[in-house]
Amino acid sequence: MEEEVENIIRKYPAGKKDNLIPLLQEIQKKAGHLSDNAVHEVSRHMKIPLNKIYGVASFYDQFRFGNKGRFHIQICQGTACHIFRSTTFKSEIEKILQIKAGNTTKDGKFSFEVVYCLGACSNAPVMVINGTTIGNLTIEKLFQELSRIKNANS
Amino acid sequence: MKSSFRNFPELKMLIAESMNTQAEEKTFLLEKVLKNLTGEFLKEELEQVSLLKREKVTSPVIYIGTGSCGMTAGALPTLLAIRKFLENNKIIARIVECGCIGFCSEEPIVDVHLPGKARISFRKVTEENVEDILSGIFNRNVNEDHVLGQYKSVPSETWTNVQFIDQIPFFSLQQKIILKNSGFVSPFSIHDAIARGGYKSFYKTILSYTPEKVCDIVELSELKGRGGGGFSTGKKWKVTLTTAGDQKYLICNAEESDPGAFMDRAILEGDPHRLLEGIAIASYAIGASYAYIYIRSDYPRALNILEEAIKQAKEYEILGQDIFGSGYNLNISIRQSAGAFVCGEETALIRSLEGKRGTPWAKPPYPAESGLFGQPTIVNNVETLANIPVILENGPSWFKGIGSKTSKGTKLFSITGNIQNSGCIEVPMGTKLSDIINHIGGGIKGGKKLKAIQIGGPSGVCIPASNLDVEIGYESLEEIGAVIGSGGLSVLDETVCMVDLSRYFMEFLQKESCGKCIPCREGTKRMLEILEGITKRPREESTHETLERFKGVVQLENLAEVLHDTSLCGLGQHSANPLLSSLKWFREEFEEHIFDRRCSASVCRDMRTFYIEVDACNGCNVCQKKCPENAIIGVAKIPHFIVENKCNGCGICFEVCKFNAIIVK
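Quick note, the sequences are listed as chains A and B, same order. Heads up: the first sequence is residues 0 to 153, going by numbering that gives the first Met the number 0. Heads up: the second sequence is residues 0 to 664, going by numbering that gives the first Met the number 0.
Hint data in this document are derived by calculation from the structure and do not stem from the laboratory. Honestly, I wouldn't trust all of these hints.
Straight-line distance between alpha carbons at most 25 Å, and here's what the computed DSS-like set of lysine-lysine pairs gives [said to hold, decoys possible]:
no., chain 1, residue 1, chain 2, residue 2
1, B, 399, A, 16
2, B, 399, A, 99
3, A, 99, B, 535
4, A, 149, B, 625
5, A, 89, B, 199
6, A, 51, B, 234
7, B, 625, A, 89
8, A, 140, B, 624
9, B, 310, A, 99
10, A, 29, B, 310
11, B, 645, A, 89
12, B, 535, A, 94
13, B, 212, A, 99
14, B, 234, B, 212
15, B, 624, A, 89
16, A, 94, B, 510
17, A, 89, B, 510
18, A, 140, B, 625
19, B, 399, B, 203
20, B, 515, A, 16
21, A, 29, B, 355
22, B, 212, B, 52
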């Protein structure tokens, strides 16, 4: 994996600082998150101080410094979803997984995050598990899905 | 992220299939259609164009809406089922994946166009009912439960007893200009776009107009920025055109991050070449040879479509060096946003493109004079740019003829919330809000009462039901203290609590505040604390805390004004809009929360208590099992009881009860 990340970094010309965000995006796409090593490498290659890179990366919602869980759960809190009371679902997931939004469980099985509008408002409220969207969510559907993935092996 | 359909190999195959790259077709389209400025065709050419536009078909064509909204509703299984049906029945038909026609709540929508018959549209076509609907229609039987309507087309025979699409209330008041091709063209095919007149205005523009002339035309058309600012587009362009710079830039702002807004996505996924043409004309008008599209990362499908569209346009030499032999060069590249609401603000967006933290700067200098890398830069919204080709095609006076006295053209809105028909609509400016809600939207879901319309997202305001007569337009909305914003319309019924909604928007803005200027960074946090104080029940509150809470409430309005006057960018300045408008129209709700500690819509969790109706409860135990606080006691088959002190108001019992035995007070 480290070699792959280095290959990505080498693709970007050293001086062009405006490439920083696309570079970080590409690394994250490949590696799943931004590791300390990767950020150090980027800093050396791009000749941008480490603190500046962390400053940029931590500013944007997209970048993560730890890995996603095997099951990545997203719950939409857009206006339409909020009107259909998605806050209840959020607190229920937090309670069941025992993590706050934005975190991964210790065993690395689940990660949970809140997103603001997926543009699927006509199916609100919406939840996404590993990229599969579940629309018109109800509390029963939520319990069902969570117990399904809790019992899943992979 | 909405990447569910990115990983499907089947879809990629279909995409490849839907692209028609025959060389003769290309030459015909480029030479006879795109470069045909007179608009006159020979008879056989006309025939050919009509075939390419699919107005006339020689074999069955099946259209399926595979925009993100369609995909969420299950368009992919439907698509696979359609392929299977065709294979099993050995029917040779073409499947065209197209963008959304806007009627999201009826998705997945599948249209069938049989040779000699009018194109007919079906709603809610799922994996299970594909076979029924298709075998029916191929045998000339229309499935009445799922038929939506038919399209008017002259040479074809119409279906009997099927209404026309434009007579359906959802469509009858709409005027489609920008979304005209969405649902008709395949976004993956530049041929479809050119056959319907794509890039013709661009060709005409760079061969016969000077940049000054283009700016004049756009200024004369009175087109205003659709991203929320409402500044004259032509005037803005002129500033950049007349400012000296080594390299000018055009940025298309596709960072559509207002929760509840998806108009730009509809354009990106439905008709990407219209946007590219708009960008190309705008770049020419301001003298830019480099353009960026800054697109939201949560739109993976739109991104794929755009990448493909740019690739095709380059292949056809519509973008690149010395375009059409005019000597004009243009390069368009896509930048994915990394997810920050504030980057919808133009100066923050520019910072982000430079590889920095997306924080705005104090204007002036305006980006039109000194923007990206210190060069003159124009930032235009997707919808604004999508208007440009038609303005150049039909002239400014045609465009000025659409809309109201002061606001010209059409406006896209995404209607969501407690409404019957949700989706993306395009209406002329001057349309009454009541028509949008009651006619197009079909009224409120479930026979409830309308409370308010939230327009413009977190920086917008709410309009109470009593003001529904207002016309859509920049000035007319301003008269009642509202803004047009980017075009998100959330319909709120009586089950929505305005205090909670204000708190929700404040929470969002507080999270998204970039932290550069103090009023916004601290102000949004303080306002959120005050609103949280109002919506929470003081379980063990001391007198001092009560005093502090009331002090907060008193200062709320004052704080909102300070933020409006002193914040650096629109995010801070407008952050109190939802709150102030709710306070203006729904003050009694706030007072009820503050003084009576009661939420009449029963939304605020801390202020509601649940009870069990003894007569309705049959003691099924479901609520007891699901209660996270173990607040429900009782034995099987005997009505249960909720211990009020333990109940945290989460409402799970209410959701799971099948007998309506749980009531909320």
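Consistency of the hints with the structure:
For the hint pairing residue 399 of chain B with residue 16 of chain A, the CA-to-CA distance comes to about 44 Å; that exceeds 25 Å, so the pair is violated. A hinted pair counts as satisfied when its Cα atoms are at most 25 Å apart, and residue 399 of chain B with residue 99 of chain A does not qualify at roughly 52 Å. At roughly 20 Å between alpha-carbon atoms, residue 99 of chain A and residue 535 of chain B fall within 25 Å of each other, so this suggested pair holds. Under the criterion of a C-alpha separation no larger than 25 Å, the hint pairing residue 149 of chain A with residue 625 of chain B is consistent with the structure, at around 17 Å.
Under the criterion of a C-alpha separation no larger than 25 Å, the hint pairing residue 89 of chain A with residue 199 of chain B is inconsistent with the structure, at around 50 Å. Under the criterion of a C-alpha separation no larger than 25 Å, the hint pairing residue 51 of chain A with residue 234 of chain B is inconsistent with the structure, at around 37 Å. As the CA atoms of residue 625 of chain B and residue 89 of chain A are separated by approximately 16 Å, the hinted pair is consistent with the 25 Å bound. Restraint check: the Cα-Cα separation between residue 140 of chain A and residue 624 of chain B comes to about 16 Å, which is no more than 25 Å; the hinted pair holds.
Restraint check for residue 310 of chain B and residue 99 of chain A: the C-alpha separation of about 42 Å exceeds 25 Å, so the hint is violated. Of the pairs offered as hints, the one joining residue 29 of chain A and residue 310 of chain B holds, with about 23 Å between alpha carbons and a cut-off of 25 Å not exceeded. The suggested pairing of residue 645 of chain B with residue 89 of chain A holds, with an alpha-carbon distance near 20 Å, which does not exceed 25 Å. Taking the CA atoms of residue 535 of chain B and residue 94 of chain A, the gap is near 20 Å; set against the 25 Å cutoff, the hint holds.
A threshold of 25 Å between alpha carbons decides the hint, and for residue 212 of chain B with residue 99 of chain A the separation of about 57 Å lies outside it, so the pair is violated. Under the criterion of a C-alpha separation no larger than 25 Å, the hint pairing residue 234 of chain B with residue 212 of chain B is consistent with the structure, at around 12 Å. Taking the CA atoms of residue 624 of chain B and residue 89 of chain A, the gap is about 19 Å. The hint holds against a cut of 25 Å. Of the pairs offered as hints, the one joining residue 94 of chain A and residue 510 of chain B holds, with about 22 Å between alpha carbons and a cut-off of 25 Å not exceeded.
Of the supplied pair hints, the one linking residue 89 of chain A and residue 510 of chain B holds, its CA atoms being roughly 17 Å apart against a limit of 25 Å. A threshold of 25 Å between alpha carbons decides the hint, and for residue 140 of chain A with residue 625 of chain B the separation of about 13 Å falls inside it, so the pair holds. Among the hinted pairs, residue 399 of chain B with residue 203 of chain B is consistent with the structure: their alpha-carbon atoms are about 21 Å apart, no more than 25 Å. Of the supplied pair hints, the one linking residue 515 of chain B and residue 16 of chain A holds, its CA atoms being roughly 21 Å apart against a limit of 25 Å.
Pair hint residue 29 of chain A plus residue 355 of chain B holds up; C-alpha atoms about 22 Å apart against a cutoff of 25 Å. The suggested pairing of residue 212 of chain B with residue 52 of chain B is violated, with an alpha-carbon distance near 31 Å, which exceeds 25 Å.
Checked against the numbered hints listed earlier, the structure breaks hints 1, 2, 5, 6, 9, 13, 22; every other hint is satisfied.
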